[in-house]
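Chemist: Keeping their order, the protein sequence lines are chains A and B. Here the first sequence stands for residues -8 to 208, numbered as in the working numbering. Here the second sequence stands for residues -8 to 208, numbered as in the working numbering.
There may be inaccurate statements among the hints.
It does not matter which identical chain is used: a pair holds within one copy or between any two.
[Stated by the list, open to error] Taking lysine-lysine pairs in the BS3-like style, the calculated list, with each CA pair at most 25 Å apart, reads: (1) 130 <-> 44; (2) 130 <-> 90; (3) 70 <-> 37; (4) -3 <-> 133; (5) 183 <-> 31.
These aren't lab readings, by the way, just hints derived from the structure by calculation. Keep in mind that this is a model prediction, so the values were computed, not measured.
2 protein chains.
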Amino acid sequence: MTDEVKLYGAAASPTVFRVKIALNMKGIKYENVEEDLANKSADLLKYNPVHKKVPVLVHNGNPIAESLVIVEYIDDVWKGVPILPEDPYERALARFWAKFIDDKCMPAAFGVFGSNGDEQVVAEACEQLQILENELEFKGTKFFGGDDINIVDIAADFLAYWLGTLEEVAGIKFVTKEKFPRITEWGDNFIKCQIVKEILPSREYLLDVFKKRFGKG
Amino acid sequence: MTDEVKLYGAAASPTVFRVKIALNMKGIKYENVEEDLANKSADLLKYNPVHKKVPVLVHNGNPIAESLVIVEYIDDVWKGVPILPEDPYERALARFWAKFIDDKCMPAAFGVFGSNGDEQVVAEACEQLQILENELEFKGTKFFGGDDINIVDIAADFLAYWLGTLEEVAGIKFVTKEKFPRITEWGDNFIKCQIVKEILPSREYLLDVFKKRFGKG
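Isolated chain A, as found in the complex (with noise of 0.2 Å):
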């Protein structure tokens, strides 16, 4: 039996982007349904009511959302490059670091474009991005992964090319270099990497989506 893959997505999102880097990994192939977020199709929120949001995996028939349980979902069915660690206390630690990227920085930095660069919004998503910081220079690691990535780094997609994206737009940047050299390099690198490089989505395609969403002009 062929397997029939359906991802429900929208290009400009970093959360989708974690379920193509995990297919790509797996050198699955897949149709891509692109969603237009303004106004849902059927199918989307037939496949995701608890949510109504992308990205859905449609595997055979059957949905699963929430793009870090996909993610897992896609390293439990397809053999391969392994997305988590087999190590059963390194494959805990790595589901730690992903749920805190998930829970505490991706909301906490992204929080600051819809606060319009309060100060104080700022500094929680500078103290959460932190920890990160301080867990790349701990492990001396190129990748939260080791020398490849997992699925800790792909979790973090969002700092390494969507934040500087949306910075650009509205202004404001608080993702430096010299506040964040690891977070900085991790990022170069992470992009670098062939699997996630020859899947990008451009930066003048995000430019675009994020100056709609979010631009001044």
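Given the structure of chain A, go ahead and fit chain B onto it with the hints provided.
Modeler: Chain B in isolation, oriented as in the chain A frame:
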């Protein structure tokens, strides 16, 4: 080698109780370290510097934080009664619901007491709980896990016992049998479950703790 397992917790915490259920399901002996949450131990802060919270499981010297991460770790390391389903799609659904309960239902429900029963906060909590109610109705099974409990039931433990005790202390009742018949029935079954019942803290103990923390008198 004998496993050395320590749990840093607090007897009144439903997230710590998640870990206790998982350990009990696997029949793991462990040392229980009771934390004073008003004056956390140096060990707890060393083992969970990011969140500074219970529960923390330390297995042969390796610390793990975040209750659901710990529960998955326990299932990965120790064989015996499974806590997550074997089938990858069923696993993904279980992770989705455990995450939904953890991210949405628990903060919304506990937020009611922080807000002193604010109408809008109660309405939001009921909206999240209604989604769970519908899921139980849709499944038609005794537990989220089917005939036996799994990680989803474990994640929802606060709904079965803690919430009612808090409602009593605060004098705010919003999870009624009339409004949430399935959740109520599920909760009754959950605390009757042998593996849960034999380690459940007494209602008197919880009432006492919550009265000190939230009580009016």
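Chemist: Looking back at the numbered hints, which does the structure fail to meet, lowest number first?
Modeler: Hints 3, 4, 5 contradicted; others consistent.
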